[in-house]
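A.B. asks: Spelled out from the first residue to the last, the chains are:
There are 2 protein chains.
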Amino acid sequence: MSQIRPAASETGDPLLLTPGPLTTSRSVKQAMVHDWGSRDAAFIAINTAVMEALPRIVCGEDRYVTVPMQGSGTFAVEAMLTTFVPRGGKVLVLINGAYGSRARRILDIAGRATVVHETAEDAPPDLAEIDRLLSGDAGISHVFAVHCETTSGIRNPVEAIAALVARHGRRLLLDAMSAFGALPLDTREVAVDAIAASSNKCIQGVPGLGFVICRKEALAETAGNATTLVLDLHDQHAAIQKTGQYRFTPPIHVIVAFHQALQEFQQEGGVAGRGGRYADNARILTDGMRALGFETLLAPNLQAPIIVTFRMPEDPAFVFQRFYDALKERGFVIYPGKLTVAESFRIGCIGDLHAKDMRAFLDTAREVLSEMGVGFVPAKAA
Amino acid sequence: MSQIRPAASETGDPLLLTPGPLTTSRSVKQAMVHDWGSRDAAFIAINTAVMEALPRIVCGEDRYVTVPMQGSGTFAVEAMLTTFVPRGGKVLVLINGAYGSRARRILDIAGRATVVHETAEDAPPDLAEIDRLLSGDAGISHVFAVHCETTSGIRNPVEAIAALVARHGRRLLLDAMSAFGALPLDTREVAVDAIAASSNKCIQGVPGLGFVICRKEALAETAGNATTLVLDLHDQHAAIQKTGQYRFTPPIHVIVAFHQALQEFQQEGGVAGRGGRYADNARILTDGMRALGFETLLAPNLQAPIIVTFRMPEDPAFVFQRFYDALKERGFVIYPGKLTVAESFRIGCIGDLHAKDMRAFLDTAREVLSEMGVGFVPAKAA
Numbered sequence: 018m019s020q021i022r023p024a025a026s027e028t029g030d031p032l033l034l035t036p037g038p039l040t041t042s043r044s045v046k047q048a049m050v051h052d053w054g055s056r057d058a059a060f061i062a063i064n065t066a067v068m069e070a071l072p073r074i075v076c077g078e079d080r081y082v083t084v085p086m087q088g089s090g091t092f093a094v095e096a097m098l099t100t101f102v103p104r105g106g107k108v109l110v111l112i113n114g115a116y117g118s119r120a121r122r123i124l125d126i127a128g129r130a131t132v133v134h135e136t137a138e139d140a141p142p143d144l145a146e147i148d149r150l151l152s153g154d155a156g157i158s159h160v161f162a163v164h165c166e167t168t169s170g171i172r173n174p175v176e177a178i179a180a181l182v183a184r185h186g187r188r189l190l191l192d193a194m195s196a197f198g199a200l201p202l203d204t205r206e207v208a209v210d211a212i213a214a215s216s217n218k219c220i221q222g223v224p225g226l227g228f229v230i231c232r233k234e235a236l237a238e239t240a241g242n243a244t245t246l247v248l249d250l251h252d253q254h255a256a257i258q259k260t261g262q263y264r265f266t267p268p269i270h271v272i273v274a275f276h277q278a279l280q281e282f283q284q285e286g287g288v289a290g291r292g293g294r295y296a297d298n299a300r301i302l303t304d305g306m307r308a309l310g311f312e313t314l315l316a317p318n319l320q321a322p323i324i325v326t327f328r329m330p331e332d333p334a335f336v337f338q339r340f341y342d343a344l345k346e347r348g349f350v351i352y353p354g355k356l357t358v359a360e361s362f363r364i365g366c367i368g369d370l371h372a373k374d375m376r377a378f379l380d381t382a383r384e385v386l387s388e389m390g391v392g393f394v395p396a397k398a399a
Numbered sequence: 018m019s020q021i022r023p024a025a026s027e028t029g030d031p032l033l034l035t036p037g038p039l040t041t042s043r044s045v046k047q048a049m050v051h052d053w054g055s056r057d058a059a060f061i062a063i064n065t066a067v068m069e070a071l072p073r074i075v076c077g078e079d080r081y082v083t084v085p086m087q088g089s090g091t092f093a094v095e096a097m098l099t100t101f102v103p104r105g106g107k108v109l110v111l112i113n114g115a116y117g118s119r120a121r122r123i124l125d126i127a128g129r130a131t132v133v134h135e136t137a138e139d140a141p142p143d144l145a146e147i148d149r150l151l152s153g154d155a156g157i158s159h160v161f162a163v164h165c166e167t168t169s170g171i172r173n174p175v176e177a178i179a180a181l182v183a184r185h186g187r188r189l190l191l192d193a194m195s196a197f198g199a200l201p202l203d204t205r206e207v208a209v210d211a212i213a214a215s216s217n218k219c220i221q222g223v224p225g226l227g228f229v230i231c232r233k234e235a236l237a238e239t240a241g242n243a244t245t246l247v248l249d250l251h252d253q254h255a256a257i258q259k260t261g262q263y264r265f266t267p268p269i270h271v272i273v274a275f276h277q278a279l280q281e282f283q284q285e286g287g288v289a290g291r292g293g294r295y296a297d298n299a300r301i302l303t304d305g306m307r308a309l310g311f312e313t314l315l316a317p318n319l320q321a322p323i324i325v326t327f328r329m330p331e332d333p334a335f336v337f338q339r340f341y342d343a344l345k346e347r348g349f350v351i352y353p354g355k356l357t358v359a360e361s362f363r364i365g366c367i368g369d370l371h372a373k374d375m376r377a378f379l380d381t382a383r384e385v386l387s388e389m390g391v392g393f394v395p396a397k398a399a
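Chains as they are written, first to last, in the working numbering: chain A, 18 to 399; chain B, 18 to 399.
Worth flagging that the hints you see were computed from the coordinates, not collected in a lab.
Treat the hints with caution; some may be incorrect.
You can't tell identical chains apart in this list, so a pair holds if it fits in one copy or across any two.
Only pairs whose alpha carbons sit at most 27 angstroms apart, straight line, appear in this in silico DSS-like list of lysine-lysine [claimed, not checked]:
(1) 233 / 107
(2) 345 / 259
(3) 355 / 259
(4) 233 / 259
(5) 259 / 373
(6) 107 / 259
(7) 345 / 355
Chain A extracted, bound-state conformation (with noise of 0.2 angstroms):
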């Protein structure tokens, strides 16, 4: 083992190649060392500063407005769909991945009824088979999407599918997750009545805090949909149009921690800027993997700058478990795969990670190939 010191955050942690929870700033983190009370005038400004600053990053400050979720992005998601959806609705899936997978399966237990467009987890959705789906089956109220599907790291082309939706006069329902803060998304051109998100993806704050961005209209049109009172989105909408307060405890501190975030996130550039940082760290991490002799899954128009997929090499002295855990030893945590179609592992470009940060990876993981033996690994340059 190298006697060089592992790499580290500015707070001493290991770097997070993962899609989320992520490497945030120390600053972010910093601002929870404090505590405030759920009903004191300071901490309602903080959270009305958040809520108004979301919808302005997909154009939508006019039309729109966030709802909060307590939770993970999932309970975001599970908010929409049975929040959107009444009880009699109907809702074309679009999967490519675990998380449409996830969302079928919430619309299930839920009740409400699916239809299903399922393609190869390397494959966006045949926009000519929605059309032919929507087209024969008027019953179909909603349609549901994954911006970037986290299981490949394919980023599906939501604005054909809302235009298409829009066409027939259905409403699209979004999951934006990991690409929210980071690909672009402008709702006076793309017809969304639901963007769900969380606070530990591209606007790096951390885990704890889900968000509905809610098409205002669309959001009034709810009342009595959902099956729950905590995930019940106009409920919680009403009540903090009332009083500003939150239903229930909110986090506090992932709130606080947010609002430092997305501040950061402006001084940043917004979309393009944090957008653009994520894409030079994808094209180095691709770029050197793949001169370590590694395969992405995805066709580079298909790829988006999240997290990348690499199929598992054949060379039978990789070992994953050995590559990650060296790779830990030295201060870089990557992901397992996620696939079903092939053996294969992930390393995210979001966070606080920078060029330098996915060079020293690359550095780090052609030391460990050499170590480990592998045979595809060329030469260092010189």
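For this one, chain A is given, so just place chain B on it according to the hints.
C.D. replies: Okay, now just chain B, sitting in the frame of chain A:
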């Protein structure tokens, strides 16, 4: 206004004399200034330690298991009710405040049948009436009770309720939220299927995590009961048992802070030490406020040492908002009332608050009342 510096916590924040989120120690919050991967062994070990510590607090480590629930205490209560009560079950809901009413609303929305026994906010449930209701309706499968109803601060007689429920062969579900860790609860003597609480009450963590301490045999019977994905405690437990990991992103920083808070709870002597300090706080507060001329809502034998409700004085010079604001300026955050029976306000005794803080609060309250020209304030002792 006095020239003295406002009271402040270790981190310079106003002292929260509220039912939570509350004042926590600096060390609890400082534990959050790191990042962890959610699948990382270090985080999983911390989470496991937290989950194993909680049943010990109710003497149930052999027969009970903790199932965490992202969100807040109410998320845990809804998860408990909708996981433990089958779709054909019926719940006798004991109500003497807002938290009992909230449980009924959760059950109504989830389509579970209820029977209600409601008493005034300053009165415990009537055991003879519970006995009569259980005798008369064999369809009642569960009884729901609140240990300390924060609406008033009343301590409900859970030991007697549990004995009655057990005698009738029914199951008890307990909302222990603001009592957990401060009021003794021994599951070797109190028959209860599930106990819901949260990170930000008497264990003195930060908000963002609920949990349900479940009797293992009862939890095993709940497969398929839940009507949501995210709030399904059976599914959550099964996944954590299998992999050590949460199904959906956990609030990592909140859990790490809770781990630190649990260590500080043990260092203070567990329930005896923590509950003892709160009882001292409550006694100092109540004696001092009575000396200032205030009246408590509850008879001493009904009062839990968690939060004390005071009747609004009749003196027209006493304007609650002025009292609240002046105290806030001087570093003390108190709590509005939630009673329907009488005008009132509340002062909490929990969190990182000590005898000296309660005395400082009383001195400040005396000063504020004097400035407001409230007539009933006796002269300060020489």
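A.B. asks: Go through the numbered hints given earlier and state which of them the structure violates, listing their numbers in rising order.
C.D. replies: 5, 6
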